[in-house]
Amino acid sequence: DQQVKQNSPSLSVQEGRISILNCDYTNSMFDYFLWYKKYPAEGPTFLISISSIKDKNEDGRFTVFLNKSAKHLSLHIVPSQPGDSAVYFCAGRDSGGGADGLTFGKGTHLIIQP
Amino acid sequence: DSGVTQTPKHLITATGQRVTLRCSPRSGDLSVYWYQQSLDQGLQFLIQYYNGEERAKGNILERFSAQQFPDLHSELNLSSLELGDSALYFCASSVEWTTGELFFGEGSRLTVL
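Here the protein sequences line up with chains E and L, keeping their order.
Under our numbering, the first residue of the first sequence carries the number 117, and numbering increases by one thereafter.
Under our numbering, the first residue of the second sequence carries the number 325, and numbering increases by one thereafter.
Same shape as in the complex, but just chain E:
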């Protein structure tokens, strides 16, 4: 049972344009959603998060949108830069059991083309 789904394994975007990465989830108990970025041979690094009580959170070039009714979130990167080329993981946290473990999607490989 995949609670977090990233249906696009890869995405290619031209430099300067907008990158939109999508994520769907099934667990209604998620109270936080996070995006992590991963370069090859490195561990994932936190990018941006959003509480389930909000519908938008912005940090510089990165904006995350949450649509709770559709159980969908998206990450917008504007403008896209070559250094944004990486694998992006969407994650949700279900703290109902008192645990903090995140449930991750399989990731989307974003490729920024010059």
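It is worth saying that the hints were derived from the structure and are not from the lab.
Keep in mind that this is a model prediction, so the values were computed, not measured.
Idealized CB from N, CA, C, for every residue including glycine.
Certain hints may be false.
Unchecked claim - Sample of chain E residues facing chain L (criterion: CB under 10 Å; computed from the structure):
| hint | residue |
| --- | --- |
| 1 | V120 |
| 2 | S124 |
| 3 | Y152 |
| 4 | A157 |
| 5 | V194 |
| 6 | P195 |
| 7 | Q197 |
| 8 | P198 |
| 9 | K222 |
Unchecked claim - Here are the in silico distance ranges between beta carbons for each label pair:
| hint | chain 1 | residue 1 | chain 2 | residue 2 | range |
| --- | --- | --- | --- | --- | --- |
| 10 | E | Q118 | L | F393 | 10 to 20 Å |
| 11 | L | T337 | E | P156 | 16 to 26 Å |
| 12 | E | Q118 | L | L385 | 15 to 25 Å |
| 13 | E | S211 | L | F393 | 18 to 28 Å |
| 14 | E | S144 | L | I336 | 15 to 25 Å |
| 15 | E | Q119 | L | D325 | 26 to 36 Å |
| 16 | L | S389 | E | R133 | 41 to 51 Å |
| 17 | L | T331 | E | P156 | 16 to 26 Å |
| 18 | E | G132 | L | E386 | 46 to 56 Å |
| 19 | E | S190 | L | Q365 | 17 to 27 Å |
What the hints assert, rightly or not - Anything over 12 Å on all C-beta distances counts as not near chain L; from chain E, calculated:
| hint | residue |
| --- | --- |
| 20 | L127 |
| 21 | S128 |
| 22 | Q130 |
| 23 | G132 |
| 24 | I134 |
| 25 | K154 |
| 26 | T161 |
| 27 | D171 |
| 28 | E174 |
| 29 | H192 |
| 30 | S201 |
| 31 | S211 |
| 32 | T219 |
Since chain E is already given, all that's left is putting chain L on it; use the hints.
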């Protein structure tokens, strides 16, 4: 540099063997998490420890076990290894839950031949 240290970075072993992966969390972080990333898979949550005690279990096999020591470092023990255990194993740490940010190490790549 996330401040989380994992050793070894690479490990090659044979089926049936046992290995131990080590993780030192960021200074001051009480929680340690272990994740497995297999080929074409996302990060699968294995187990979480908080201040020495097991707090949550995910999809961790019975052949795998972990512990967190008084100095807060953690070890993940993998035994009776199978080919399918070949994966990247990540350790992450956090102080407490705020925005949900976890700090990940660079991972230990395990290859079982």
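Results for each hint:
1. The closest approach between the C-beta of V120/E and any C-beta of chain L is roughly 7 Å, which is under the 10 Å cut-off, so the hint is satisfied.
2. Contact between S124/E and chain L, as hinted, is not supported at the beta carbon level, the nearest pair being about 13 Å apart and thus beyond 10 Å.
3. Interface hint status for Y152/E: upheld, as the beta-carbon distance to the closest one in chain L is roughly 8 Å, under 10 Å.
4. At its closest, the beta carbon of A157/E sits 7 Å from a beta carbon of chain L; the interface hint therefore holds under the 10 Å criterion.
5. Interface hint at V194/E: violated, since its Cβ lies 22 Å from the closest Cβ of chain L, which is beyond the 10 Å cut-off.
6. A least Cβ separation of about 25 Å between P195/E and chain L goes past the 10 Å threshold, and the interface hint is therefore violated.
7. Evaluation of the Q197/E hint against chain L yields a violated restraint, the C-beta minimum of about 22 Å exceeding 10 Å.
8. Look at P198/E: its Cβ only gets to about 22 Å from chain L, farther than 10 Å, so that hint breaks.
9. A cut of 10 Å between beta carbons decides the hint on K222/E: the least distance to chain L is about 4 Å, and the hint holds.
10. Roughly 34 Å separates the CB atoms of Q118/E and F393/L, a value that falls outside the hinted 10 to 20 Å.
11. Checked against the given bound of 16 to 26 Å, the beta carbons of T337/L and P156/E, roughly 23 Å apart, stay inside it.
12. Look at Q118/E against L385/L: about 19 Å separates their beta carbons, and that is inside 15 to 25 Å.
13. Checked against the hint of 18 to 28 Å, the C-beta distance between S211/E and F393/L comes to roughly 26 Å, which is consistent with it.
14. Remark: the range hint 15 to 25 Å for S144/E to I336/L is contradicted by a beta-carbon distance near 43 Å.
15. A hinted range of 26 to 36 Å for the beta carbons of Q119/E and D325/L is consistent with their spacing of about 31 Å.
16. Distance hint check: the CB atoms of S389/L and R133/E are about 48 Å apart, consistent with the given range 41 to 51 Å.
17. Here the CB-CB span from T331/L to P156/E is close to 20 Å, well matched to the stated 16 to 26 Å.
18. For G132/E and E386/L, the Cβ-Cβ distance of about 51 Å falls inside the hinted range of 46 to 56 Å, so the restraint holds.
19. Between S190/E and Q365/L the Cβ separation comes to about 22 Å, which falls inside the hinted range of 17 to 27 Å.
20. With a cut of 12 Å on Cβ distances, L127/E stays outside the contact zone with chain L, its closest approach being about 16 Å.
21. Against the 12 Å criterion, S128/E stays outside the reach of chain L, whose nearest CB is about 19 Å from its own CB.
22. Every CB of chain L is more than 12 Å from the CB of Q130/E (nearest about 26 Å), matching its label as outside the interface.
23. Against the 12 Å criterion, G132/E stays outside the reach of chain L, whose nearest CB is about 29 Å from its own CB.
24. Annotated as non-interface, I134/E keeps its C-beta farther than 12 Å from every C-beta of chain L; the closest such distance is 24 Å.
25. Look at K154/E: its CB is around 8 Å from the nearest CB on chain L, not clear of 12 Å, so calling it non-interface is violated.
26. A Cβ of chain L approaches the Cβ of T161/E within 12 Å, the least distance being about 7 Å, so the stated non-interface status is violated.
27. Look at D171/E: its CB is around 17 Å from the nearest CB on chain L, clear of 12 Å, so calling it non-interface holds up.
28. Residue-level check passed: E174/E sits 14 Å from the nearest beta carbon of chain L, beyond 12 Å.
29. Distance to chain L confirms H192/E as a non-interface residue, since its nearest Cβ pair spans about 19 Å, more than 12 Å.
30. For S201/E, the shortest C-beta to C-beta distance to chain L comes to about 19 Å, beyond the 12 Å cut-off, and the non-interface label holds.
31. Distance check on S211/E: its Cβ comes as close as 7 Å (rounded) to a Cβ of chain L, failing to clear the 12 Å threshold; non-interface status is violated.
32. Distance check on T219/E: its Cβ comes as close as 7 Å (rounded) to a Cβ of chain L, failing to clear the 12 Å threshold; non-interface status is violated.
Checked against the numbered hints above, the structure breaks hints 2, 5, 6, 7, 8, 10, 14, 25, 26, 31 and 32 and satisfies the rest.
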